[in-house]
Amino acid sequence: MAVARKVDPAALARLDELTLPEGGGWLRAAREDAVQRLRVSGLPQRRDEYWKYTDPTSLTAAEPPSAALFEAGEVPLFAGEGPLRAVFVDGRFDADRSDDLTAEGVEIVRLDDAAQADIHWARDLYGRLEAAGQVPVPRPLATLNSALATDGVALRVTGRVARPIALVYLRADEGADAILHHLVKVEEGAEVTLLETGPGAARLNTVLEADVAAGGKLHHVRTQGRDHQRRMNTHVFARLGAESVFKTFTLSVNGRLTRNETVVEFTGDDAVAHLAGAAVGDGEFHHDDTVFVTHDALNCESRQVFKKVLRNGAVGVFQGKILVRQGAQKTDGYQLSQSLLLDDDSQFLAKPELEIYADDVACSHGSTSGAIDDTALFYLRSRGVPDADAKDLLVLAFLAEAIAEIEDADIAADLVARLEAWLRRRRD
Amino acid sequence: MLEIKNLHVKLEEEDKQILKGVDLTVEAGKVHAIMGPNGSGKSTLSYVLSGRDGYEVTEGSATLDGDDILEMEPEERAAAGMFLAFQYPVEIPGVGNMTFLRTALNAQRKARGEPEVSAADFLKLIREKAKELKIDAEMLKRPVNVGFSGGEKKRNEILQMAVLEPRMCILDETDSGLDVDAMKLVADGVNALRDSGRGFLVITHYQRLLDHIVPDVVHIMANGRIVKTGGADLALEVEKNGYADLLSEEA
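Each protein sequence line maps, in turn, to chains H and X. Following the numbering used here, the numbering of the first sequence begins with 45 at its first residue and continues without gaps. Following the numbering used here, the numbering of the second sequence begins with -4 at its first residue and continues without gaps.
The shape of chain H in the complex, shown without the other chains (with noise of 0.2 Å):
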């Protein structure tokens, strides 16, 4: 339930110096309105109930903690021919680094441009879902997100688009605070898969509204980089029409601090959600994957599988909550949430909810904590797979599961060849 709380004086304060960015046609309205609605919740504070297990501190501060650049010495994801590339430094477009954003199937227009047309469907998308998703639980930094990114873009998905539409973000600046905020709008029966790879600064904080109309599909592939130091925190908030589809997974290899939160809210019956997450942590390592989906039309179907595998003193949280609506009948909800401990420093906390108010559905959750099977370690080598070896598999076949929900087999091969060479960089 949204409550009213009292708002820290010292947010409050902050609130008052924003300086909204410039211009922006009628994105300066909503921008205001984003406001206005943070004056009410506030920023996220270390006592808040869905802030318990992740410290918000760095990620409302004024001016984001510095974090060294760094050089991953590897081919970049997503390059190459297949996709079109949307590229950011530091959270601003670069027009020079990027494709010429043209495509059968869909238009792309940067977030400024857009709001300089009085007339345009992304009027009536920005800032409404990350709106909307602020029940039953506040998530203030979309809002702050909504009231200050300084761009983004708008893709509107008419057909099926051949090439996928990479959103990449490279960092320059030690100290960059970023914030982007990009739409989504699937027509009926269209077909995108979206990819977004890179830290993009040293704080980066993204939204991303997907509305996928009756029978459309969004892929949505994202990794988030390598740097060790940099911080955070993405909203993806999806609303799904009738048998539409939508899938996402995040790949998160280090990095400081990371909170991926992920609302979903079917709204038309027959529609799919898979959300899935990999991520892998060594030493100073924070990740919470934050998972919200409501359930409020018949016979659709959401599976959430997160993973993660956390040594020296690696902490991974999970929050996820399916909500099932009265009415919302033959809804078949699925959760998943693991973390792989290699050694006793590590800690995985989880948080795995069901609420349901319709008596017709199939729910179910789990979440387990564990270390590497002897067994099965045993198993491998008594056929001659090394140690070091036999360990990495076992790695391996435990995020398998998640890696399992990406639609794109290439894609999958590309994450998977990294997360090998990850494990390999850290053996003993």
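Among the clues, some could well be false.
Claimed, not checked - Cross-link-like lysine to any residue pairs, in silico, SDA-like; alpha carbons within 25 Å at most:
hint	chain 1	residue 1	chain 2	residue 2
1	H	K435	X	Q82
2	X	K136	H	D431
3	X	K136	H	L463
4	X	K105	H	D436
5	X	K148	X	G108
6	H	K435	X	Y201
What the hints assert, rightly or not - Computed footprint of chain X on chain H; a stretch qualifies when at least three of its residues, placed anywhere within it, have a C-beta under 8 Å from a C-beta of chain X:
hint	region
7	180 to 186
8	428 to 439
These are calculated hints, taken from the structure and not from any lab test. Values in this document were obtained by computation on a predicted structure and should not be read as measured data. A virtual CB, placed ideally from N, CA and C, is assigned to each residue, including glycine.
Given chain H's structure and the hints, the job is docking chain X onto it.
Structure of chain X alone, referenced to chain H:
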């Protein structure tokens, strides 16, 4: 080939002696069977030889062609030619059967300084071996032992043995949980591997399996030691009279 001398083994966690002086030599080209009642130490012997954690050797030795295997890691023992067919083959979700076997084969070859087997050659090899054991292609694609029936798991063990071509094979109650047809299939698989350069140690409760895999030597194990050794007919005697008679006779 495999030479076990005065082997004493206790559990690491508790002060419990399981093996109390086992002496056993398996020659190349021979099949030795070990029979014995529950708790006699048969499975412990197989685990200690393959290098499972949790056991401590307090006395004695075990060598393969003169090399001390007890000092080796499990993967080194495998590369040296040891193979244990598990009583309870392990399910490994997320690891494909083919990937597993190819990784294992190439790891062993690499350890021995041999060239790796190419993907194409491996495919050819495994298809041929799988066919002999009536293992279908679908089973090869599935994760290791996941959703396999008891019989399929045991056949998969023999398939691994056929592909890895170890010199010393230990079969730990490979007959348990098998119906007659499955046992015949498994036994045929083992018999196909019998040759002059390979030794077998077949651990079993019952004589049934030994009808199909006819041993050269049969040992009876009780209370952590080998108490009687004989020919194939010793197994028949156990079948007829049970262990109690034999053991009291020894005492």
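Tested hints:
Note on H/K435 and X/Q82: the hinted pairing holds, with a Cα-Cα distance of about 23 Å set against a maximum of 25 Å. Proximity of X/K136 to H/D431 is assessed by CA-CA distance (about 24 Å); at most 25 Å being required, the pair is judged to hold. Using a Cα cut-off of 25 Å, the hinted pair X/K136 and H/L463 holds, with the two alpha carbons roughly 22 Å apart. Between X/K105 and H/D436 the alpha-carbon distance is near 18 Å, which keeps this suggested pair within the 25 Å criterion.
A hinted pair counts as satisfied when its Cα atoms are at most 25 Å apart, and X/K148 with X/G108 does not qualify at roughly 30 Å. A C-alpha spacing of about 36 Å is found between H/K435 and X/Y201, which places the hinted pair above 25 Å, so the restraint is violated. Coverage of the region 180 to 186 of chain H by chain X is violated [criterion: at least 3 residues with CB-CB distance below 8 Å; count 0]. Chain X is given as covering the region 428 to 439 of chain H, and this holds because 8 residues of the stretch bring a CB closer than 8 Å to a CB of that chain, at least three being needed.
When each numbered hint is compared with the structure, violations occur for hints 5, 6, 7.
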